[in-house]
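Number of protein chains: 2
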Amino acid sequence: MAKFCIVLLFIVTQGLAAPYKSSNGCGYDSCNLGKPDKLNVHIVAHTHDDVGWLKTVDQYYYGSRSEICKRGVQYILDSVVAALMENPDRRFIYVEMGFFWRWWNQQSDEMRNIVKQLVNEGRLEFISGGWSMHDEATTHYNSIIDQHSLGAEFLHDTFGECARPKIGWQIDPFGHSREVASLFAQMGFDGLFFGRIDYQDRLFRTPEKKLEMIWKGSANLDRQSWLFTGVLPHGYSAPLSFCYDIMCSDPPIMDDKNLHDYNVPERVEAFIRAAHIQSLAYATNHIIMTMGADFQGQNVNENFKNLDKLIHYVNLEQVNGSNVNIFYSTPSCYLYALNKAKKEWITKTDDFFPYASIPFAYWTGYFTSRPALKRYERYANNILQVTRQLNGFSQMNLRNSIFYLSEAMGIAQHHDAVSGTEKQHVANDYAQRLSDGIDQSMEVINAAYAKLLSKEGQTQLNVPQFLCPYTNISECLPIEGQAKFTLTLWNPTIHSVTIYPRVPVTQEYVIRDPIGNIVPAEYLPISITTKNIPGRTSSAQYQYLFQASLPALGYNTYYFEARANANKIKRRRVKTTFNEACILENEHLSIEFDGQGHLKHIVNLDKNLMVSFTAQGFYWYASFPGDPTTPELPASGAYVFRPFVSEAVPVSLSGSINCTKTDTVQKASIVFNDWVSQEFSLFRGATSVELEWTVGPIPIHDNIGKEIIIRYNTNINSGSKYYTDANGREVLERIRDHRPTWPYLVDERISGNYYPINSRIWIRDNDHQLTILTDRSEGGGSMYDGSIEIMVHRRILHDDSMGVGEALNETAYGTGLVVSGKHILLVERPEDSARLHRVGAQQLFMHPLATYSLPNTPSYANYSNIYRQSWSALSDTMPLNVHLLTFDQLTHKQYLVRVEHYFELNEDEIYSQSVTMDLQTLFKSIGTIANMTELVLNANLPLSQLHRLDWMTKDQESSHMNIFQSYSSNGTTLTLYPMQIRTFQITIN
Amino acid sequence: MAKFCIVLLFIVTQGLAAPYKSSNGCGYDSCNLGKPDKLNVHIVAHTHDDVGWLKTVDQYYYGSRSEICKRGVQYILDSVVAALMENPDRRFIYVEMGFFWRWWNQQSDEMRNIVKQLVNEGRLEFISGGWSMHDEATTHYNSIIDQHSLGAEFLHDTFGECARPKIGWQIDPFGHSREVASLFAQMGFDGLFFGRIDYQDRLFRTPEKKLEMIWKGSANLDRQSWLFTGVLPHGYSAPLSFCYDIMCSDPPIMDDKNLHDYNVPERVEAFIRAAHIQSLAYATNHIIMTMGADFQGQNVNENFKNLDKLIHYVNLEQVNGSNVNIFYSTPSCYLYALNKAKKEWITKTDDFFPYASIPFAYWTGYFTSRPALKRYERYANNILQVTRQLNGFSQMNLRNSIFYLSEAMGIAQHHDAVSGTEKQHVANDYAQRLSDGIDQSMEVINAAYAKLLSKEGQTQLNVPQFLCPYTNISECLPIEGQAKFTLTLWNPTIHSVTIYPRVPVTQEYVIRDPIGNIVPAEYLPISITTKNIPGRTSSAQYQYLFQASLPALGYNTYYFEARANANKIKRRRVKTTFNEACILENEHLSIEFDGQGHLKHIVNLDKNLMVSFTAQGFYWYASFPGDPTTPELPASGAYVFRPFVSEAVPVSLSGSINCTKTDTVQKASIVFNDWVSQEFSLFRGATSVELEWTVGPIPIHDNIGKEIIIRYNTNINSGSKYYTDANGREVLERIRDHRPTWPYLVDERISGNYYPINSRIWIRDNDHQLTILTDRSEGGGSMYDGSIEIMVHRRILHDDSMGVGEALNETAYGTGLVVSGKHILLVERPEDSARLHRVGAQQLFMHPLATYSLPNTPSYANYSNIYRQSWSALSDTMPLNVHLLTFDQLTHKQYLVRVEHYFELNEDEIYSQSVTMDLQTLFKSIGTIANMTELVLNANLPLSQLHRLDWMTKDQESSHMNIFQSYSSNGTTLTLYPMQIRTFQITIN
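From first to last, the protein sequence lines are chains A and B. Going by full-length UniProt numbering, the first sequence opens with residue 1, and the numbers climb by one from there. Going by full-length UniProt numbering, the second sequence opens with residue 1, and the numbers climb by one from there.
For the record, the hints were derived by calculation from the structure and aren't laboratory data. Quantities reported herein were computed from a predicted structural model and do not represent experimental measurements. Any given hint could be a false lead.
Each computed SDA-like pair below joins lysine to any residue, with the alpha-carbon atoms no more than 25 angstroms apart [claimed, not checked]:
no.: 1; chain 1: B; residue 1: Lys423; chain 2: A; residue 2: Ser249
no.: 2; chain 1: B; residue 1: Lys70; chain 2: A; residue 2: Glu67
no.: 3; chain 1: B; residue 1: Lys309; chain 2: A; residue 2: Glu67
Between the sequences and the hints, there should be enough to build the whole structure, so can you do that?
Set out below in structure tokens:
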């Protein structure tokens, strides 16, 4: 039943390249632009519907668990349609497709036709239109694009052009990323509005009417990344005393003089006063008033009934000389009115991080909150992209099955999902959705492999592939005790990669590579730390570790065969030391430790470059618990990071160190105490050092919440500068205790210097750069010259009063949650660092996917006769600075492809150049490209049909550009400029 | 504007006598009667909308003051109409016309037509249809009938027969009066449902399936007073876990298997279980489930959406063998199904007072709560009836102006209005409405008097009449210092009366009666007690008191002329004693006091009958303040009377006594302390003693709430029996610590024996009866043999947790409220008491109305030339046992008249006989009756068209009667049987 319903409703995209026709009833032409001589107040009726927060998305949808909060989105949408039908003047906007799609699925044809009419008449307008209102700090660009495309596709297929979102509407996220502005611009959006801005930033902008601006969203993409951006007057709720929602307590408009409490004159006067005050902060004679808030509109008749009256009576005052003109509008119509005002606007080139809502309340804790969920989300994206590729290259056309994971990922991007700011039961639900989506994806992967693995001429024999998601704790129960199994690794990048898989086993095996050679593999004991992780049930004591060189955009299968006679095993050389100084070294790098486990130096041997470390390791900040006597000082919590004191305490002054050296890897395992350890691995031939950290259960016997950081103190002469990426793409310079656009008053020395680290952070001086890549979003910064600190885990005993109402105290198996993760350390010259961190970061989020199977073939020979053990979609080498971002089979013959240049300008001598590639290369195994149409980034409009509004900056720069020209391509060959992403719908012969 | 609107919308009744046609779509014929072999569950979607309680009626209507509670009836009705339009299966009932009328006035013609369609199709059904859901303990029958007629008229005029209510729906009132059942039966209702029943009563009825019965509503009226009565299963809310209102927290039906938390099987199973459990308490295979509660349905789409699903899925289970059949229904359809079941039903002859919701929580405090409001409501009714009479006899046809007071009175009948159980600001609003209504009525009175006062042939000269409502504290500011003024007294009864008006003055006057004679008047000092009442601003030190004998249904005017020369005044004889024993005596009565102010004896001289008194006076109960350690013991509060200990404490062991004797009156003023006093008055020729009590400010310095009673301890050998009236009509026997229908477990010795005293209470033995008449509703009983106690005032410092959330602590002028009132004491033989208390009570609630004017005529002679100083509508004497209950001009030539026999069977040798009268007598001054149609009591149906459902009792008595036959009349002459009220629409030639 479940699947059938979705298949019916989520018909694959068709005819995207067909010509678009705009209805007369919707779009900018339908806008009320007010009166030129009046103060025009655009009333925007809306609802802000979190796809999960205090309740799960489905609980919010249905309105269940109302003991938590009384909200039900099904009723909101029911009532919005009814209220819009009542009065054609009314307008409403809807934002979150994750909810709208749920509702739409349950509607009758009659209701659907009504909604279509409302959309076509511009009375119901979709704004932003992502599956969720994504977080901006902890989301990866790949998933932002995907979730916006998912919503855009649903809207396009359901409603057509009238439903194409034109406005970014990030009213609630807690800080705003420049990359998001850039991506929105590339989606063809004309503007962006948001509600939350640092209190100091708002303070300085307000008197100078600088709350609206042109945001230059990219340091690389020029005008195509520019986006008009407006800061809303007061979050996103109604002006004080004018909230008419059923959940509000403001006075209704009581306009029947026969009844008591008639209040029209007082309300009209108060509104006109509020409009005048608001207009002081804005540059034109147009202002916007958002009428709505979290889950408002559950009986929106109440809101509209009173707004109808307010509009009527306020405008009546014009005959008495009032200059206030008020009418229903939408964010896009407000934007259009600003555009028509032909003003010149200030510009902005940095971002809106970090965000302090009030003094001392820096919302920088959520950069790290729920580190396990943050990793799981990144892992699920990895699987989603691999699944799409496998579906596409196998031409299974199973996109509807992939929808489950796409949908779960869309929801997971929500600003209370991957951000870690939801209640625990909701976090569990997000994880369950991803898990369910992965299960569905596995069916696609299986179907795809059944085809790809079978040699031509062979009957397709489905040997079920399965994931071993717990290999991060060295557990893979299905292979335990098996006489044979295979490990297949799909490399989703378009470049070959070398990785070092680890396979936990309960017995010894011979491993064969795709051409039958026995792989030289290390057989290493699993560490005590790992074995002690709560919840691990595996009996595996050892793990194999070996080098696997994988073809670009393809797979290798490794065949594991139990050793017939264990006695015959010739042990490989393993050298181990305990609590002695040791040096891990390969041809490129040398890493030096002392006997107490302190990292001393990392030497880049190729460049003869040494970075020295002092007291590298784990520290904790005590979480401020809140204090009833100083309620203005918020507690540390899911959102806010507020250390009790600004000094972090080391978890231990020394650790025990265990160094192990093999041909394949050299490792230093340092255990600081029973809840903190780290393991450095230097692989053969590697140009980076891998650090795997394990933290937890964080102790709370002392009733003190703790926020754990890893600190890297170096001798790099970095001053106060450090660099962090935005959503995995462009990197922004950060300066300690400094904001680029206002004279910053430092109120929180530590958390006010934290920034989101989505994929990387670095510090540098003229000669040295230490770059750290992360495997998930984390928060951090440089609190001291030469130092980087990254928060990896938090366990807090108080709520920060920002709404979630729960202490962030993650537990599992009856104790605090244990989390592990990776940092990749790169020591290079600054000018050579980009190629390491760009390639490294891309490989980290698009990691080869390991699937296992239990073949029923009697022998390896038999297996290799039947199954194809290596395959690549490519025959030609692809340029290193090109990334295949999306490869998605839409229909039998249609594909959606995104390719990107993922280097920035001027960061690498070679790879920062533009690059040319041939899309046909990707389709070698599929067919010949018959037709390709370039689309906007979220794939809902041919680029040739995009016409964005033009703006003028105070510096007399026009945003105007001929977008299509700048995107010209030649046949299937195209050029990519630094940081450019190009989106194509491709039809195959 | 205000008036215009009401005039437009409340067009006077027309064509009531026209033939009625029932639409096919409404009424019993449209009922779903379920399936014979199933357990049929009638789902009744409803809302319970208090016309004022925590908020004023208009605040509830608009949904303002939502900081108090988030309710808005305008939105409820908006959403009900929308939801009914969506699905023709849905049904909703609406009850309170006070709200519906407000809403209707604001609707467009389009919306009105939609509503009419819903009503005609039976999808929206009006139930009960009074202006409010009236209280049953503290309301007077005159006002119950009026408020039901007001709602019925609105419904009839607006919607016609489909909107005629057929069911009493008293789901929330706190105890149920037998008189209400009788009145409902006479309104043509087929049944009554309520929610609140004494917890012990429910306990005993439940296992024996006795929650539904035939209630014999009158000891006098036989079958025409019988009413099928059902006790709802659990108050009036939804069964546990099935409330789908926006304010509820129960799980919605989550029926999309694609979403998380799918719960259909669990919900269906739980519902079927709930239905089976409920059916154990009811006699047929039909049960009713009320789906609604206080102000529910504000977004009733939520309720219906889930109920739709519940019905669908529960009935689906029938294919799996479930016997539960569930469908939308209404109380009348449920009743009809019970009627069709042809069962025999138990009967009941007593009432449902008092009501204990839980052990120790007797809701008997509200019988007295807010004594000033209770009196003001009775006073307002007095004015309303007088205004109708004056309008009718002057033929001014100003009914629309009277509507204001009718409407205010309709609202004041609400079970949180006159009951005194509302918040203070709401009580103030009720009083303001009555006051505003009285102001409007004064315009009618003025217009009427302008005509009636002017002698024929004279130009009508309007000398504005005004009320002096503060004469109860001897204050009438407009006449202070005036050289001349008139006092006109309208007697609204159809019998001449003698009264003793008191006129506070600042100088001496000569008073002339209607024929110019100087009236012998007493000139008495105003007491210190009165002069000290907070808020009194008058400088009057004296008051005139004189005997006024008024014509039946007419007026006298008394002319006050300042004495030209005060020296010439011949003082009338006044004899005064202080703190001495004294005896007040006239030809009928002798009242004896000792020197400490104790009442010793009252002697009926005519019958040589003495009743002795011991320790008569004022006592207080300490209010139980609640105790967190025993939360099961409720505090005393607005609803609940719960004394801390069962002993009342005297306010003083002795008082100072001041006796004054004049020709007209003999008075004994007894001051017990600075906040309690009483004054006995024995008027010349009177057969009753008047006691005026003054209580307040009740001291609370000791932080103890106090409930003040007057106790009359006598030597009457009354045993445990006492007698209290129901709503001012029939009297019920009460037995201390006893309930007629179950073995009563005494948990509260005092409050469990309290009953509403609407107009009278008595105790008696073979030879003596002490009857006490009250001027308002009070609570009381007989706690000891020979004793009567009546609670007159309450000041409480805690809330009783029954919802109002406020302590009943009335204040005025910065201190506790001072209240005064009257008890009329009658000492007679039991067999002769009825004629005293029947006539006395009728005169008390239909008291002559005093209006004043300041004539601009130079002299009395001049005045008497122009103005008619005495007038009566009647020329013939009317029988003493007939009361003119209603005299209301509907249109130019149409009148609504109610006449009643107000004696019970067997209580008086003469007056308990049936009586014949001629209606034409009433119309002597107006014209000849051309046509008269007898109507049901609430005047919305010709009696000849009434067909009530027939029922059979367990005693094999059929309720069937030919109603019209029993009401036969002959021309304009008609017969009235004891306690019969007959209602006529009369057309005049």
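State the violated hints by number, sorted upward, taking the hints as numbered earlier in the document. Per hint list: zero violations.
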